[in-house]
Amino acid sequence: MLTADLAIDDRLDETFAALANPTRRAILARLAQGEATVNELAAPFAMTLPAISKHIKVLERAGLIERSRHAQFRPCRLEPGPLAEVAGWAEQYRPIWEERFDRLGEYLQHIQPPPEGTDS
Amino acid sequence: MTDTQSVTLDRVLDAPIDLVWQMWTEAEHFAAWYGPTGATVPVVEMDVTVGGTRHFCIEMQTPDGQSRMWFVGEYRVIEQPTRLVYTESMSDPDGNRVSPEAMGMPGGHPELTEVTVELTDVDGRTRMVMTHAGIPADSPGAMGWNMALDKLEAHLAG
Numbered sequence: 000m001l002t003a004d005l006a007i008d009d010r011l012d013e014t015f016a017a018l019a020n021p022t023r024r025a026i027l028a029r030l031a032q033g034e035a036t037v038n039e040l041a042a043p044f045a046m047t048l049p050a051i052s053k054h055i056k057v058l059e060r061a062g063l064i065e066r067s068r069h070a071q072f073r074p075c076r077l078e079p080g081p082l083a084e085v086a087g088w089a090e091q092y093r094p095i096w097e098e099r100f101d102r103l104g105e106y107l108q109h110i111q112p113p114p115e116g117t118d119s
Numbered sequence: 000m001t002d003t004q005s006v007t008l009d010r011v012l013d014a015p016i017d018l019v020w021q022m023w024t025e026a027e028h029f030a031a032w033y034g035p036t037g038a039t040v041p042v043v044e045m046d047v048t049v050g051g052t053r054h055f056c057i058e059m060q061t062p063d064g065q066s067r068m069w070f071v072g073e074y075r076v077i078e079q080p081t082r083l084v085y086t087e088s089m090s091d092p093d094g095n096r097v098s099p100e101a102m103g104m105p106g107g108h109p110e111l112t113e114v115t116v117e118l119t120d121v122d123g124r125t126r127m128v129m130t131h132a133g134i135p136a137d138s139p140g141a142m143g144w145n146m147a148l149d150k151l152e153a154h155l156a157g
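Protein chains in written order, with numbering that gives the first Met the number 0: chain F, 0 to 119; chain A, 0 to 157.
Since the hints were made in silico from the structure, they are not lab data. Note that beta-carbon positions come from the ideal geometry of N, C-alpha and C, so glycine has one too. There's no promise every hint is true.
[What the hints assert, rightly or not] If you want the ones that stay clear, here's a sample from chain F, every Cβ over 10 Å from chain A, calculated:
1) E39
2) A89
3) R102
4) G104
5) Y106
6) L107
7) Q111
[As the list claims (entries may be wrong)] Computed beta-carbon distance windows for the label pairs:
8) F:Y106 - A:G123: 37 to 47 Å
9) F:E39 - A:R126: 27 to 37 Å
10) F:N20 - A:T39: 36 to 46 Å
11) F:S52 - A:G64: 38 to 48 Å
12) A:T36 - F:E65: 34 to 44 Å
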């Protein structure tokens with residue numbers, strides 16, 4: 000079970016933080032259709048270009064999008080990795096089960112009599 | 000095209016198979032190891048029959064005080080001591096299923112999951128293979144990358 004004290008790793012936190020904003024989700028949805036420049040991404044929004052750039056930087060830091068380094072207009076494109084992790088609930092359970100089975104192993108040791116021939 | 004996710008762990012435990020079986024099927028033992036570190040399992044109800052109900056609670060201290068999470072499920076296969084299959088969902092204290100989203104889980108978490116435990120005797124020790132799998136919701140491909148994108152599109156449309 001994903002419980003409060005079993006924090007999802009920091010990267011996922013960052014991904015969720017980046018997704019917790021309607022403008023950024025809209026930008027990702029646009030990029031799901033293909034790469035776009037900052038100007039193109041800004042077009043549907045009643046926002047200044049610097050404001051949009053700020054959102055794009057957050058998405059970039061979270062690894063959700065990638066910007067081309069060389070092209071003149073530095074188009075943005077979707078980076079599916081982190082989102083796939085968000086969707087990948089099953090892998091999030093692996094460390095939980097690992098920890099659980101560690102405890103199971105210790106508990107089994109604790110409740111079983113020591114092997115014969117062992118002085119205690 | 001269903002996109003069922005699962006996670007599998009494979010371990011050898013230094014205990015006889017019958018004892019490992021009890022770890023999964025007897026409430027007192029189950030409560031002793033199952034909860035995350037620092038948590039307790041104060042309530043466990045197990046009707047270990049095919050179709051029988053399992054219902055339990057994990058309690059932990061959080062900065063906001065004590066927090067309880069409830070789970071409910073049903074036994075599907077009981078082949079003592081080699082194979083156990085049960086389902087699991089989040090629930091309220093009365094055992095009514097609640098959606099993972101309502102409990103604050105990230106999207107894409109299936110409402111119903113299934114745990115399969117397979118035990119094999121290995122010279123007095125026990126090999127345990129556990130698979131935790133999602134059971135796809137009604138809509139095929141309800142999980143994974145497609146769903147993440149669908150959600151984004153829904154947000155855009157909404």
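*Which hints from the list above does the structure break, by number from lowest to highest?*
2, 3, 4, 5, 6, 7, 8 and 9
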